[in-house]
Amino acid sequence: MALSISELEQEIAEEFDLFEDQMEKYEYLIDVGKKLAPLPVQYLTDDYLVKGCQSKVWLHAYHQDGRMYYEADSNTAITKGIIALLIRVLSGQKTQDILDCPLGFIDRINLRAHLSSQRSNGLSAMVQKMKAYAAAYHQ
Amino acid sequence: MNDSIRAQFPILHQTVKGRPLIYLDNAATSQKPLAVIQAIDDYYRQYNSNIHRGAHHLAQMATEQYEAARQTVADHINASVREINFVRGTTEAVNLVANAYGRKFIQAGDEIIVSEMEHHSNIVPWQMLCEEKGATLRVIPITDSGELVQEAYLAMLSPKTKLVAVAHTSNALGTIHPVKEMIAAAHAVGAVVFIDGAQALPHTSIDVQDLDCDFLGFSGHKVFAGTGIGVLYGKAALLEQMNPYMGGGEMIKTVSFRGTTYNDLPYKFEAGTPHIEGGISLGAALKYVQSIGLPVIAAYENELLQYATQAIQAVPGIQLVGTAAQKASVLSFLIGGIHPYDVGVLLNEQGIAIRTGHHCCQPLMERFGIEGTCRASFAFYNTRAEVDVLVQALQRAVKILS
Chain X
3 MALSISELEQ EIAEEFDLFE DQMEKYEYLI DVGKKLAPLP VQYLTDDYLV
53 KGCQSKVWLH AYHQDGRMYY EADSNTAITK GIIALLIRVL SGQKTQDILD
103 CPLGFIDRIN LRAHLSSQRS NGLSAMVQKM KAYAAAYHQ
Chain A
28 MNDSIRAQFP ILHQTVKGRP LIYLDNAATS QKPLAVIQAI DDYYRQYNSN
78 IHRGAHHLAQ MATEQYEAAR QTVADHINAS VREINFVRGT TEAVNLVANA
128 YGRKFIQAGD EIIVSEMEHH SNIVPWQMLC EEKGATLRVI PITDSGELVQ
178 EAYLAMLSPK TKLVAVAHTS NALGTIHPVK EMIAAAHAVG AVVFIDGAQA
228 LPHTSIDVQD LDCDFLGFSG HKVFAGTGIG VLYGKAALLE QMNPYMGGGE
278 MIKTVSFRGT TYNDLPYKFE AGTPHIEGGI SLGAALKYVQ SIGLPVIAAY
328 ENELLQYATQ AIQAVPGIQL VGTAAQKASV LSFLIGGIHP YDVGVLLNEQ
378 GIAIRTGHHC CQPLMERFGI EGTCRASFAF YNTRAEVDVL VQALQRAVKI
428 LS
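Going line by line, the protein sequences match chains X and A. The opening residue of the first sequence carries number 3 in the numbering used here; numbering runs sequentially from there. The opening residue of the second sequence carries number 28 in the numbering used here; numbering runs sequentially from there.
Keep in mind that the hints were calculated from the coordinates and are not lab data. One or more of the hints may lead you astray.
[Stated by the list, open to error] Heads up, simulated DSS-like pairs for lysine-lysine below, C-alpha to C-alpha not over 30 Å straight-line: (1) Lys36/X - Lys44/A; (2) Lys96/X - Lys53/X; (3) Lys44/A - Lys37/X; (4) Lys44/A - Lys58/X; (5) Lys58/X - Lys187/A; (6) Lys37/X - Lys426/A; (7) Lys426/A - Lys36/X; (8) Lys187/A - Lys207/A.
Treat the numbers as computed from the prediction; the structure is a model and nothing was measured.
So that you can see chain A by itself, here it is in the shape it has in the complex (with noise of 0.2 Å):
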């Protein structure tokens, strides 16, 4: 499948220090195929206005734009239109959950479950929230190939959860935790459940409706859309209840010295002119991987996956950091003694991209004892060729660097 589908990414087309490009950073952001960048053209070119208010033509196909996307997010994950909440990312679904939820209903005693291995993201909002509420932040640990330790979170769950926040797939390591699972058992405890949907949006399909899950994050540009927009999915009934986060225009229904009163859903927590061509970019992105199909992408992804994890044996004293039985396609990698800096830098010469560093997760880069990891991070658009030069120019980094 894969000449015609990197035709459609123009970005892959072209060479880095004279070589072609390898881009292996998907789970930092994804490539936009053309459909995507044709979305963003035509709505500067054809249509760019802003939304809801005007009663002129470019308004209303603005507008219409618009709210077509929000409607092809929610069949995207089988929710319904009210519930699909325009965010900048994931990072703003999870502080939008943790001010407008967790501040009307976490209390002082109540605790708050999160995962070893989640991203600052979902880590630190939660904190705050713990600190100016006095709740408990608790922490489910993670084994040594990288999966949660199920046991230590179902003894932790009590009457006392009120909120658990995981990612569905690690960024880091590329673990899928087994999520629907754990969203039953917090339920059994009356406690809500986010899911950071960032790194799985992009591989597989999410039914919001079966998981069951109450708040759902996760950010365009890591889905082939642009950057700048998210989607912060909630159930109706919770959305209902929560204060607006911001103030401001779009988010109201009437204005006066005497009381405001705020839009229905989905306006309520989207105050000012969104980032309209944006969410018309995500629509474009979340339509392009349907016609290729999630199951297509799936199969393909871990095929690729299971191949590099394979392959990239050949590089003297390779260790994988994170091995568990379900994985994304991530491998987060280890090279002796080598800082993956200096991997980073031998392989950004030879045109090939990966991300160094902590990965955003330094919990879990204490948990391992390590300061950070060499990540590949594969898209559908990557091939068996490109595995096979990164392998070659491993090898020659670490020739360099031993």
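Chain X with its partners taken away, still in its complex shape (with noise of 0.2 Å):
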């Protein structure tokens, strides 16, 4: 049986409570974002760019049996961190549960804070878009 996604955050948010230092977090969190499976080259271009970020996000999603799918790739470290987290999270959950949750271990994990305004607007608007296509898939 599959993780909801708030036993997912939760098991995210165990991750990083191991971490006392905040730059072994940014350690742990470059680390998950190479991690991250690729995105196929078609989709590397400015059609599938999420408006709103500083660093490049190019995001992929497709819908499958009432569940989302997302890809994505991200032209720096950190932000491709916070985008695979994104992607664990949410990645083959049904839309209504995309649309319905509140993501609020992007605050547990204390990231949100040590991430500039700009950053962080960034990641509204990836946020934003993975709910989007949800929205778009959701009957």
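Hints in hand, dock the two standalone chains.
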């Protein structure tokens, strides 16, 4: 049985709790990003760029059996880590669950405060775009 | 000299992310010494009042202080007070010249020259002017080391050239351009020259008569004054010929519906209640700079730049962007294939403030085929010890990001 969004969020929060040093959290975040499955090259175009990100994020989504699947890439390591976490939490979830989730883990892992406002704006743009895909496929 | 100087800048004495703040974003804005903070505080505590009009005591004090600041600015750059127009900053200075001079004197077929290294503020107003007038914007190319190609500039000059607008010092790379020679060459074909002095004033002495520039713009906040105040210097003869830029109070002599006459220099371009405490803070800042001495500042910063340029070589994969022979204390760099923003975030985590991105110089970035750089820019309150911490922090960031 696949984990729910909130269970995955909890799992991530616990992983980040292992690090006391903020630099180590970033190191872990960047490692998570490095392990993100590659985005097929045909999606590395402006059509798939998420607007509002200072660094570039390309996001592709598809829908299968009532669930959303996301693939993404970024030109910066930290953003790639964040998008990898978002994909881990949201990819494979039901559209309704994606639309309903508050995604509190971003605050719980204490990253938002440590990212600049511009970066946070980019984060909001990513989340909004992922939810917008879910809304588009939601029946 | 450093401990006594650092004591004058209260903002430097704090921790960020649990570490002592290292502020290396001075090309974006400088920090303020006690003398400037005190001047602003005194203004609001003791003599806040609107200037030039009031007959009462406070108005007289405020007017005196504001005009004394204008005199300080004039003396600082060897101009006369009539030639010192207070504006919001360098951007407004450029726009004022583009509108009040350019729209009157630039015609279809004329040419305006800028460089590939300019800040967007010294490109876009000229582009807008050229578009409106049917004039042509020409661009001085740059070398791989980040210097203007002087041969190309000289070849570009012709009787069609009506205006040349270049920075004295590049904000993105720190390159100091040979503006005195460039001004003389422009004058030889009858063109007027606007010098963007935003990055020059904090680091070096500027003598407008020695340079013989027609216009010079700079921002107060980059030279240790408050934000929102800047200066447009213009030769009086040119300012006299120009139309007012904005209408309103202060800039008028008499107003009637039969016609309005404009105030004399320097008030002609200062519509509305000015940024009074900003002007006063600029006077205080320049006096502070004078008290240390610009030659002392320039020598110290140059020594620090040389030290940093050497020290940063210890970072694996470091690549300096901009290696001109004449540079202000700016280090622009890239590290391997690492995105500058990742470096910026990880330095911030270690208490270090640098700038990342295109530095409002997208054409320059395009020239180098890059999206942006990391930029550490130093002031005279920065130290070798801070450079050492920067290098260690970069090494840690690279280790994480590689």
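To see whether the hints hold, each was checked on the structure:
1. Restraint check: the Cα-Cα separation between lysine 36/X and lysine 44/A comes to about 26 Å, which is no more than 30 Å; the hinted pair holds.
2. Between lysine 96/X and lysine 53/X the alpha-carbon distance is near 24 Å, which keeps this suggested pair within the 30 Å criterion.
3. The suggested pairing of lysine 44/A with lysine 37/X holds, with an alpha-carbon distance near 28 Å, which does not exceed 30 Å.
4. Distance hint between lysine 44/A and lysine 58/X is fulfilled; the C-alpha atoms sit about 26 Å from each other, no more than 30 Å.
5. A distance of roughly 42 Å separates the Cα atoms of lysine 58/X and lysine 187/A; the hinted pair therefore is violated under the 30 Å criterion.
6. Annotation: proposed proximity of lysine 37/X to lysine 426/A holds, straight-line Cα distance about 17 Å (limit 30 Å).
7. Proposed proximity of lysine 426/A and lysine 36/X is supported: the alpha carbons are some 14 Å apart, at most 30 Å.
8. Pair hint lysine 187/A plus lysine 207/A holds up; C-alpha atoms about 21 Å apart against a cutoff of 30 Å.
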